[in-house]
Every structure is written in structure tokens, then in C-alpha cells.
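Dock chain B against the given chain A, drawing on the hints supplied.
Number of protein chains: 2
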Amino acid sequence: MTINESNLNRFRAMHRESEKYININPIQRGGIVPEKTKRVLDEWINGYSVCDFCEGILDCIKSPPVYEFVHKVLPEFLDVDAVRLTDGARESKFIVMHSISKPEDTVLVDQNAHYTSFVAAERAGLRIEEVPNSGYPEFMIDADRYAEKIDEVKPRLVIVTYPDGNYGNLIDVQEIGKICSEKEIPFLVNCAYSIGRMPISAKKLNADFIVGSGHKSMAASGPIGILGVKEEWEEIIFRKSEKFGNKEVELLGCGPRGLPIISLMTSFPYVVDRVKKWNEEVEKTRYFIKRIENISGIKQLGERPTRHDLNFIESKIFYEISQRHKKGRFFLYNELKKKGIVGIKPGLTKNFKISTYQLKKDEINKVIDAFEEISNL
Amino acid sequence: MTINESNLNRFRAMHRESEKYININPIQRGGIVPEKTKRVLDEWINGYSVCDFCEGILDCIKSPPVYEFVHKVLPEFLDVDAVRLTDGARESKFIVMHSISKPEDTVLVDQNAHYTSFVAAERAGLRIEEVPNSGYPEFMIDADRYAEKIDEVKPRLVIVTYPDGNYGNLIDVQEIGKICSEKEIPFLVNCAYSIGRMPISAKKLNADFIVGSGHKSMAASGPIGILGVKEEWEEIIFRKSEKFGNKEVELLGCGPRGLPIISLMTSFPYVVDRVKKWNEEVEKTRYFIKRIENISGIKQLGERPTRHDLNFIESKIFYEISQRHKKGRFFLYNELKKKGIVGIKPGLTKNFKISTYQLKKDEINKVIDAFEEISNL
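Sequence order for the protein chains is A and B.
Counting from 1, one number per residue, gives the positions in the first sequence under my numbering.
Counting from 1001, one number per residue, gives the positions in the second sequence under my numbering.
Next comes chain A alone, as it looks inside the complex (with noise of 0.2 angstroms):
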């Protein structure tokens, strides 16, 4: 091709197809900016915006106050020692394997992790080692499983995923922490899909690390990450670079800059608000859940009664229908369109994910509507 001006036009005006439609994919409802803070965003949408007052290290940063939010405020929120930003939730996780292991050791995750949790330990050169899910219909991880497992492969590290991406599955977090404690493996919880969502303490849940995700979880426009660490283990993630004092080696120097950071400190006051909220977000899944399972021929997976409002969904009813609708296994991601609502995978009728977070009744009940009326073609 030619880079010329009928070739860029289209680079000129791209508008989100998804704006007008209620969106049902787990991935991108708790991390919607709050209309509110968009305004504050567009004075700092340039490149190094963050850094007009930096003195060398970004979350030292004093205007805006992002020292304040990074030293002061999410340890407190997240019940941790220390924390720093980072690129992501999956960048998170690599920084604290590429800081404490060496190639060839191994990582004990849960099966039901999130796929970058596999490739950071590739990355970082490990063996890998799973502790099985207890297989259909709930798909959970027992903590016994992961005392074995430990004896067995004596894991540099061990990883889990608190909920996993799937079902959505709280599996007895406490418990694998208060494990890895006694046999002294380090232990990182991925909580990428609850801190933001539900309340988090690194310290209840007897975590060495917490992974977060501003754009997953924080209501932030990405990528950005959240890593928190234990007192004792700061002097190692948090190393310092030999010929620039001042530079954390594993962040680069510095981590995110411009508008992520600042995407995540305008939305904070809003996520620190909805997090006391939960509560009633788990209630309005199990409502949402309970009015679709009355559909014949779906039915939620994973934990039960769900306690998250990610949740995995069997639909025999909608396969059934693919296999004599016209449009084929595409159907349900066309009617559900023409229906106002988007999120499930063009192609996916037995199986998809699905949440309600932050969903107002009115729009979880146009959705039940929606299944109801479909599942009668």
C-alpha cells in the first residue's frame, strides 16, 4: 500500500461502534471512565502531561499529587506495604517474576488463570505448574490442592487468580496464603477483576504481591497496573539502577506515564465509592442470574450462588437455535445487536461470559428480555 491521503482518512475519524450499545463483555465494564472526570482528561491528553513538575521519578511526582496517591493512599485502600504503577496487570505479574526467580524455576498457578499469567512465566524462562479446577459444572480450586502441589514441585512462586476471568470463581484465597506462609513460598494474588470491584486486603489475604488493572477494574483509561508489594520484599522488586540511583530497574525508571495515571487518580474517589457498594452488585447478578436461568437450557457455571459479577454462562437453548437459524452460529451475536446490546464473541452460542457490573435495572432487564425473546425463535 501507499501512505497517501485517501489511506489515512480512515485514521482520521474512527467512532466506537460500541458507544450506543449496552455492553455485556466482563472485560470492559469496570473500566468505564465516569462521564464526569472526561472533561479534567482532555487538559492531560498529552504525551508527558504528567510530568510538567517531575523532579526524576514519576509516582514522586507532588503536582499533580501523585506521590500522595501512589505512597499514600492505595497502600491504605489496598491494605499493602508499598505500591507502584505499572503498564498492566500482566506487566505486574512479570516485574515480580523477573525479580525473584531465576530460569528454570517454577510457578505454581491455578488452571483457571488468566492466559498472560502463563506467558509472563515464559517470558521470564519458568516451568509452569497448575493446580487443577474440580472440572464441571464449578470449576473451583481447593486449597488442599495447592499444599500438594507445592510439595511436589516446590514452586519459586506461587499465583492465584482471585477471581479468575472464567467463571468468576472466589476460590479460599485466605487459606493458599496462610499455606504458602508456613512452607515460605511467595505468594501473588492476580486481582485483576476484583480490586476496584470489591473490597481488597493484600494483608487478610496473606499476599507477598497484588496485581491490579486500572483499565479492567479501576474505571481508568489503560493500560495501567497496580502492584503491590510486602515490606520484604521492596528492596528487591523495587531495586534501584546502579548508575542511575534514583531509577527503578524493573519499571524502566518510570512507569506509565501521562494520561493513565491521571485517568486513574480522577476516577479513584468514584471506584473507592463503588467498591462500598459491592454488596449490591453481587445482588443484582444473582437477580440477573436467577431471571435467566429460568430460560430453559441455561445455566450459570463456575461457584454457585455466584459471588461475582463475572460469570460463565451454558446456553444448550441459543447452540440449539444456531444449528437451524439462518445466520448460522452467528446469530446470537446479530439479534442481540439488533437488540441494542453487545459483548458476547461473534460465533459463541453454548458457552460465553458474560457481567452486569454497573448496569442499571432497566438495562438488566432489557438483556434478561433480550435472552427471553431470543431463546423463543
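It should be emphasised that the hints constitute simulated quantities derived from the structure, not laboratory data.
Watch out, some of these pointers could steer you wrong.
[Stated by the list, open to error] Straight-line Cα separation of at most 25 angstroms, SDA-like style, residue types lysine to any residue; simulated pairs:
#1 A:LYS102 with B:PHE1244
#2 A:LYS345 with A:ARG307
#3 A:LYS243 with B:GLU1104
#4 B:LYS1338 with A:PHE53
#5 B:LYS1149 with B:GLN1174
#6 A:LYS62 with B:PHE1352
#7 B:LYS1247 with A:ASP105
#8 A:LYS203 with A:SER101
#9 A:LYS230 with A:LEU170
#10 A:LYS243 with B:ASP1105
#11 A:LYS247 with B:THR1106
#12 A:LYS327 with B:GLY1056
#13 B:LYS1038 with A:GLU19
#14 A:LYS62 with B:LYS1020
#15 B:LYS1316 with B:ILE1128
#16 B:LYS1183 with B:GLY1125
#17 A:LYS36 with A:GLN358
#18 B:LYS1337 with A:GLU55
#19 B:LYS1020 with B:LYS1339
#20 B:LYS1102 with A:GLU235
#21 A:LYS360 with B:CYS1051
#22 B:LYS1020 with A:VAL40
#23 A:LYS203 with A:PRO103
#24 B:LYS1276 with A:LEU8
#25 A:LYS247 with B:PRO1346
#26 A:LYS243 with B:ILE1128
#27 B:LYS1277 with A:ASN4
#28 A:LYS72 with A:GLY56
#29 A:LYS243 with B:LYS1247
#30 A:LYS243 with B:TYR1115
For clarity, every value in this text was computed on a predicted model and none was experimentally measured.
Then chain B, alone, in the frame of chain A:
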């Protein structure tokens, strides 16, 4: 501290003080997002906005046209075989080092290299050797010194900063590339201050890898980086996960999610246009330098005449004034600010970096007038 309403309020309305000023900080000038694109960006500000129609790989998304941008447009723009987006130029450099070297290998960099080249090498466990510059007043790097040093230290990777971020020196990178090619040493050119400002062809530079920065020089809201790779390196740098066959290990699956990539794309037509006008920018810079050098005790260091908008200024006159001014070494910052100009770090008087990139002629004249008036204090 305690997280309460009054503490949270300071995060609600953080306004960017520098918005009202002419900003002459070199790291800010190339990352100013065009006003016209801001309304479009508002639509994409939510966390995973770009992922609405993703089928598993960020840079293969067809709507918005990420695939076309990353795999067709950028390779043509940079005259390079393959491109990926990263979280920043520093992350691009680390990806290359981490992929092609093993700990204790040596990387050879120019003495003027950005600190992140050193920190990335430290993170990758590499030994660092430097090619010294010629010292005061030009601080140039000689291609022949690279040849000598390569023979001496047998590096796994050679890095050149083009231009460097202190003096804006554009050294003979083509010749260094030729030397590396003859000696079969992989060659990386850090173009964080050139890609998006001036025409860059990886092939003409004889580069195996080129690195750029969206928020530094491509009018993008960051953080976002560019990594351009010669075909023979693609399989190594972009190697896929063993467990998740479509995910690239070094990108941890996907590069920068959300707004940064949209911003890079919407600004791109504007960037293509401004790169064509690079000579005008150099002329404007030379005009500026000539005018301020008329002030006794002000001198541009580095390559002369300058060939880049970023320049290093020696200003004995301001240092002298600081010795007798009641604000001491903070006088320059304060006086400039009173005149509507920011971007020189508070406390600097003897030397500072400056850029007039993309400033209008009347703004440049305003800066010149300010310098003249302050020199008469």
C-alpha cells in the same frame, strides 16, 4: 492518612497548570495531541475500548483498523519489515535485549544514550560499554570509535541514540550501521526523538531494530512505543507462546490496550504531514538559536549548526544573574513563568535543554523576547 471525602477531593479536579503556558520542554513538544482529534478520543477513553471486535490479537484488530496501521502503514512509514506497538521506547529496547541476548552479554551504547537504554540493559542483566563523546562543546560521537569499541568489547548488540536527548546530535548512524553490518553485530537505533518528527528509514540507517515513542514524538497520548524489526529477527523478537500459540511472549500477549493506540492512529495523518515539513522546523530552530546567541553569554552546545529542534543551551549570563538575584537559582524559572513560558526545570540556570518544535513564529519570538529581557535583569 485516611481515605475520606476531603482527601479524595484533591483527585477529583486536577487541572493542568501548564496548559496556559508556552512549554519549551523537549519531552513535551512532540507529544501534543492535535485539538481536532480530542473529540474522537473521548469515545475511546474507556479501558479496553479498542478490544470491542478483537479476535485474540490486539494488532490484528480490523475495526478500528489496527491491523492495517501496524502491519501495513507503519512498516511503510518507517521503511522497515515489521512493526509492533509497545508500552514505550524503553520497553521496545528491553524487548530486543531480552530476546536476543543472555545475561552477561555486552551491549555497546553511545555515551549520550538516554538513561533508559542503560536501565533496560541492567534489567536484562547485560554488561554495558560506552562509546565516549568528543566532550565540550559538541559532544559528538564518532563512527570510527564504534568500530574500535566493537572490536574491543565484542558486543551482542549496538545501540545508537538518534538524536540523543541532551544535545540533539544527529551522528553518522548510517556509517555505524554499515560497520555493524560488516561485523555482523545486531544494530538498534533509538529514534524516540526522530520518528514522528523527521523522515526515518530503517533500511537507510542499516538498522536491525528501530525504536520510537508515540508520546514523545508522534503527537500521541501515551504511553506507547514503536518497535520496528528487520525480517530476519521477526521469529526471535515476536516468538509465540508455547501454550497460547497466537500470543507473542515479549508483548505478554498484547501491547498497549485502549486509548494510546487510538491516539497514535488518529494523530498519524497529522504526523505524516509534519514530518514532510521537518526542514521548516530546523530552520525555525536555527533562527531561534541565532537570535538567543545574540545575547552575550548564551551559546548552543552540541552539533553546529543544529540539525534538530532539541538543543542544549549554555547560559553563563543567567547563571551570573542567579548569583545576585533574590530568588537565586530559581529566578529563571520564575521570570519565564511570569512571561507565560514553562519547561525549564526550576533551579537550572547554567545549562538547560530547550525545544521550539511546532511553536508558531510569534511564540518563538515571545520566548526570544523573554530571554532578552531576563538577560538584562
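Hint check results:
1. A:LYS102 with B:PHE1244: 22 angstroms, holds
2. A:LYS345 with A:ARG307: Judged against 25 angstroms, a Cα distance of about 24 angstroms means the pair holds.
3. A:LYS243 with B:GLU1104: Cα-Cα ~16 angstroms, so holds.
4. B:LYS1338 with A:PHE53: The given pair, whose Cα atoms are some 16 angstroms apart, holds under the 25 angstroms limit.
5. B:LYS1149 with B:GLN1174: Cα-Cα ~17 angstroms, so holds.
6. A:LYS62 with B:PHE1352: With a Cα-Cα distance of about 22 angstroms, the restraint between A:LYS62 and B:PHE1352 holds, given a limit of 25 angstroms.
7. B:LYS1247 with A:ASP105: Since the Cα atoms of B:LYS1247 and A:ASP105 sit roughly 22 angstroms apart, the hinted pair holds (cutoff 25 angstroms).
8. A:LYS203 with A:SER101: Holds, because 23 angstroms separates the two Cα atoms, which is no more than 25 angstroms.
9. A:LYS230 with A:LEU170: Roughly 22 angstroms separates the two Cα atoms, so the pair holds.
10. A:LYS243 with B:ASP1105: Holds: A:LYS243 and B:ASP1105 sit about 18 angstroms apart, inside 25 angstroms.
11. A:LYS247 with B:THR1106: Given pair A:LYS247, B:THR1106 holds - Cα atoms ~21 angstroms apart, limit 25 angstroms.
12. A:LYS327 with B:GLY1056: Given that 25 angstroms is the threshold and the Cα spacing comes to 23 angstroms, the pair holds.
13. B:LYS1038 with A:GLU19: Satisfied, since the Cα-Cα distance of roughly 16 angstroms is no more than 25 angstroms.
14. A:LYS62 with B:LYS1020: Roughly 19 angstroms separates the two Cα atoms, so the pair holds.
15. B:LYS1316 with B:ILE1128: 34 angstroms, violated
16. B:LYS1183 with B:GLY1125: Holds - the C-alpha atoms of B:GLY1125 and B:LYS1183 are around 23 angstroms apart, at most 25 angstroms.
17. A:LYS36 with A:GLN358: Within the cut-off at roughly 16 angstroms; holds.
18. B:LYS1337 with A:GLU55: 18 angstroms, holds
19. B:LYS1020 with B:LYS1339: Distance of about 11 angstroms is within 25 angstroms: holds.
20. B:LYS1102 with A:GLU235: 24 angstroms, holds
21. A:LYS360 with B:CYS1051: With a Cα-Cα distance of about 23 angstroms, the restraint between A:LYS360 and B:CYS1051 holds, given a limit of 25 angstroms.
22. B:LYS1020 with A:VAL40: 14 angstroms, holds
23. A:LYS203 with A:PRO103: 29 angstroms, violated
24. B:LYS1276 with A:LEU8: 15 angstroms, holds
25. A:LYS247 with B:PRO1346: 20 angstroms, holds
26. A:LYS243 with B:ILE1128: 10 angstroms, holds
27. B:LYS1277 with A:ASN4: 16 angstroms, holds
28. A:LYS72 with A:GLY56: 19 angstroms, holds
29. A:LYS243 with B:LYS1247: Not OK: A:LYS243 and B:LYS1247 at ~34 angstroms, beyond 25 angstroms, violated.
30. A:LYS243 with B:TYR1115: 9 angstroms, holds
Violated hints, listed in ascending order, are 15, 23, 29; each of the other numbered hints is respected by the structure.
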